[in-house]
Amino acid sequence: MDISISLGSNIEPFANIKIAEDNISKNFTILKSSNLYLSDAEGFEGNSFINQVILCETQLPYMDVIQLLKKIEKKLGRRKTKEKFSDRKIDLDLLTYGDLVFKDDKYEIPHKDIEEYAFVLVPLVEVMPDKTHPKLQLSFKSLLAKKSNFSGKVKKLD
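Counting the sequence shown from 1 gives a position; the working numbering is that position plus 248.
Note that these hints are calculated values from the structure, not bench results.
What you are looking at is a predicted structure, and each value in this text was computed from that prediction instead of being measured.
All C-beta atoms in this analysis are idealised placements derived from N, C-alpha and C, irrespective of residue type, glycine included.
Hints may be right or wrong, so weigh each one.
Only pairs whose alpha carbons sit at most 25 Å apart, straight line, appear in this in silico BS3-like list of lysine-lysine [as the list claims (entries may be wrong)]:
hint : residue 1 : residue 2
1    : 395       : 379
2    : 404       : 266
3    : 360       : 403
4    : 360       : 383
5    : 319       : 337
6    : 337       : 266
Each pair of labels, with its calculated beta carbon distance range [claimed, not checked]:
hint : residue 1 : residue 2 : range
7    : 382       : 279       : 14 to 22 Å
8    : 323       : 385       : 31 to 39 Å
9    : 293       : 356       : 36 to 44 Å
10   : 382       : 406       : 15 to 23 Å
11   : 396       : 315       : 30 to 38 Å
12   : 347       : 260       : 34 to 42 Å
13   : 396       : 291       : 18 to 26 Å
14   : 325       : 380       : 35 to 43 Å
15   : 309       : 406       : 35 to 43 Å
16   : 307       : 280       : 17 to 25 Å
17   : 393       : 323       : 21 to 29 Å
18   : 286       : 325       : 33 to 41 Å
19   : 390       : 274       : 17 to 25 Å
20   : 405       : 356       : 23 to 31 Å
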């Protein structure tokens with residue numbers, strides 16, 4: 249099963265993204281990694297974030313993938329806060345899980361951030377441009393072309 253995972257950090261971001269990717273590679277086969285992208289903090293005053301999306305392969309059920317990502321976050325020192333927007337040592341989100349469409353009280357697949365934030369969609373397009381968003385029935389590349397109302401900008405880092 250092909251899955252996509254977003255990685256984000258604004259506390260020692262280069263080191264924490266690298267450590268998170270190393271931890272992910274111990275549990276999944278990484279097929280492709282996007283470049284790193286710089287984006288402003290959203291919804292609060294804070295340091296800029298570094299973001300990345302990786303395309304992986306797994307045989308694990310989607311809930312096991314989510315729990316594993318939460319375990320990696322905890323291992324790397326992420327502390328849960330009540331604020332939706334805050335500084336993050338690491339933030340890992342399962343964006344897509346094959347063509348699964350799922351929603352409950354806590355999780356949504358495909359992840360809603362794909363439609364809301366350029367720092368998620370831009371690197372996602374880099375790793376899977378022609379993949380169809382299972383709910384919207386648009387390729388991620390087409391979705392990006394249609395989106396003009398993103399708040400904040402993203403800058404590809406060399």
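Taking the hints in turn, this is what the structure says about them:
1. The hinted pair formed by residue 395 and residue 379 meets the criterion: a straight-line CA distance of about 17 Å does not exceed 25 Å.
2. Of the pairs offered as hints, the one joining residue 404 and residue 266 holds, with about 16 Å between alpha carbons and a cut-off of 25 Å not exceeded.
3. Between residue 360 and residue 403 the alpha-carbon distance is near 21 Å, which keeps this suggested pair within the 25 Å criterion.
4. This hinted pair checks out: residue 360 and residue 383 have alpha carbons roughly 10 Å apart, not beyond 25 Å.
5. For the hint linking residue 319 to residue 337, the alpha-carbon distance of about 14 Å falls within 25 Å, and the restraint holds.
6. For the hint pairing residue 337 with residue 266, the CA-to-CA distance comes to about 12 Å; that is within 25 Å, so the pair holds.
7. Taking the beta carbon of each, residue 382 and residue 279 are about 18 Å apart, inside 14 to 22 Å as hinted.
8. The hinted range of 31 to 39 Å is satisfied by residue 323 and residue 385, whose Cβ atoms lie roughly 37 Å apart.
9. Hint check: residue 293 to residue 356, Cβ distance near 27 Å, so the stated range 36 to 44 Å is violated.
10. A hinted range of 15 to 23 Å is violated for the C-beta pair residue 382 and residue 406, which are about 33 Å apart.
11. A hinted range of 30 to 38 Å for the beta carbons of residue 396 and residue 315 is consistent with their spacing of about 36 Å.
12. Hint check: residue 347 to residue 260, Cβ distance near 36 Å, so the stated range 34 to 42 Å holds.
13. Taken as a hint, the range 18 to 26 Å holds for the pair residue 396 and residue 291, whose Cβ atoms sit roughly 20 Å apart.
14. Between residue 325 and residue 380, the C-beta spacing of about 36 Å keeps the proposed range 35 to 43 Å intact.
15. Between residue 309 and residue 406, the C-beta spacing of about 38 Å keeps the proposed range 35 to 43 Å intact.
16. Roughly 18 Å separates the CB atoms of residue 307 and residue 280, a value that falls within the hinted 17 to 25 Å.
17. At roughly 38 Å, the beta-carbon separation of residue 393 and residue 323 lies outside the given 21 to 29 Å, and the hint is violated.
18. A hinted range of 33 to 41 Å for the beta carbons of residue 286 and residue 325 is inconsistent with their spacing of about 22 Å.
19. Checked against the hint of 17 to 25 Å, the C-beta distance between residue 390 and residue 274 comes to roughly 34 Å, which is inconsistent with it.
20. Evaluation of the 23 to 31 Å hint for residue 405 and residue 356 yields a pass: the beta carbon distance comes to about 28 Å.
Violation of the numbered hints given earlier is confined to hints 9, 10, 17, 18 and 19; the remaining hints are satisfied by the structure.
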